[in-house]
Amino acid sequence: METLVSAIVGDLISRSISFVVDRFCDRRRVGGGGIDQDSPKRLRRALVRVQAVVEEADRRRVTNQAMLRQLQLMRDALYRGYYLLSAIK
34 METLVSAIVG DLISRSISFV VDRFCDRRRV GGGGIDQDSP KRLRRALVRV
84 QAVVEEADRR RVTNQAMLRQ LQLMRDALYR GYYLLSAIK
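Be aware that the sequence shown starts at 34, since it is given in the working numbering, and climbs by one per residue.
Hints were generated in silico from the structure; no laboratory data involved. Please read all numbers here as calculations on a predicted model, not as lab measurements. C-beta atoms are modelled at their ideal positions from N, C-alpha and C, and glycine is treated no differently. There may be inaccurate statements among the hints.
[Claimed, not checked] Cβ pair distances, simulated, as ranges:
id, residue 1, residue 2, range
1, S49, D91, 16 to 22 Å
2, Q84, D55, 30 to 36 Å
3, I41, Q84, 16 to 22 Å
With the hints as extra help, turn the sequences into a complete structure.
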């Protein structure tokens with residue numbers, strides 16, 4: 034049961050991060066006017082939270098393959114988010 038809940042939570046977090054990053058990328062492609070002053074700050078705060086989750090998961094000994102895949106998806110979304118943050122500056 035714990036594995037199922039962990040997989041679902043990991044999937045939701047990963048999808049949320051991907052959605053935020055994709056939304057920022059789409060706004061930037063459309064005309065650049067969609068990014069306000071608070072957007073980079075909000076993205077940075079979200080990335081810090083996700084990074085904390087990823088680092089905490091790295092400290093634990095995770096053997097569940099589904100959870101490891103979710104963790105990799107979160108890492109990928111984290112890298113995309115930091116790339117986007119550096120591109121916005």
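Status of the hints after comparison with the structure:
1. For S49 and D91, the Cβ-Cβ distance of about 20 Å falls inside the hinted range of 16 to 22 Å, so the restraint holds.
2. For the pair Q84 and D55, the beta carbons lie near 19 Å from each other, so the given range of 30 to 36 Å is not met.
3. The given range of 16 to 22 Å is respected by I41 and Q84, whose C-beta atoms sit roughly 21 Å from each other.
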